[in-house]
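Student: Sequence:
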Amino acid sequence: MAQNSKKDQIAQAALSLFLEHGIKGTSVDMVVKASGVSKPTVYNHFQDKSYLLAYVIECWLQAQPSPTFQASTEKALIQEMDTHWLSAEACRLYGLCLGEGERAPSAVAVFIEGYDQPWRAALEEQGRKLNLSTDWLQACASHRLLQRLLARSSAASEAH
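Counting in UniProt numbering, the sequence shown runs from 1 upward without gaps.
Just so you know, the hints here were simulated from the structure itself, not pulled from any lab data.
Be careful, since some hints might not be right.
Stated by the list, open to error - Here are the simulated DSBU-like pairs of lysine-lysine, each with C-alpha atoms no more than 35 Å apart in a straight line: (1) K75 to K24; (2) K6 to K33; (3) K6 to K24; (4) K24 to K39; (5) K39 to K7.
Note that the coordinates shown come from a computational prediction; the quantities given were computed from them, not determined experimentally.
Build out the structure end to end from the sequences listed, making use of the hints.
Tutor: Have a look at this one:
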């Protein structure tokens, strides 16, 4: 039991570091400092940063609501998409996976299979109920995600 709490403590600290600094920019020493555990404790639980990121994403997924839509109109569906699926934190994880995914392909797979695919399936299901084109809805979701990623990138560039 104590090991799981340390593992979760490490993951909780690592999430904000990965989101702020990226995979390459987050060192194990940073994780050690933020989590308050020793370096051997981190390596006892995680072989390397890619394993850590995969676990971080698994923990994050457990805290997320089930992907469902209740909207009865196209406009409401898009609003639900923005609010529930494409949250700021989720978009930051999308950006991390897209920008540095080659550093941790198994973590990206966890995110895509555990977050992106279920939300896309829920979107298609609700779209069919509303007689909307599922191809159009998928394109709309991808476009809205891209807009958010580009806006975040632009804001980060202006800050530097």
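Student: Need the status of pair K6, K24: alpha-carbon distance at most 35 Å?
Tutor: Distance ~23 Å between K6 and K24 Cα, so the pair holds.
Student: Between the alpha carbons of K39 and K7, is the straight-line distance 35 Å or under?
Tutor: 12 Å, holds
Student: Below or equal to 35 Å on CA atoms is what counts here, so check K24 against K39.
Tutor: Holds. K24 to K39 sits at ~18 Å (cutoff 35 Å).
Student: For the pair supplied as a hint, K75 and K24, is the alpha-carbon distance within the 35 Å limit?
Tutor: 39 Å, violated
Student: Has the given pair, K6 with K33, been kept, meaning a C-alpha gap of at most 35 Å?
Tutor: 13 Å, holds
Checked against the numbered hints above, the structure violates only hint 1.
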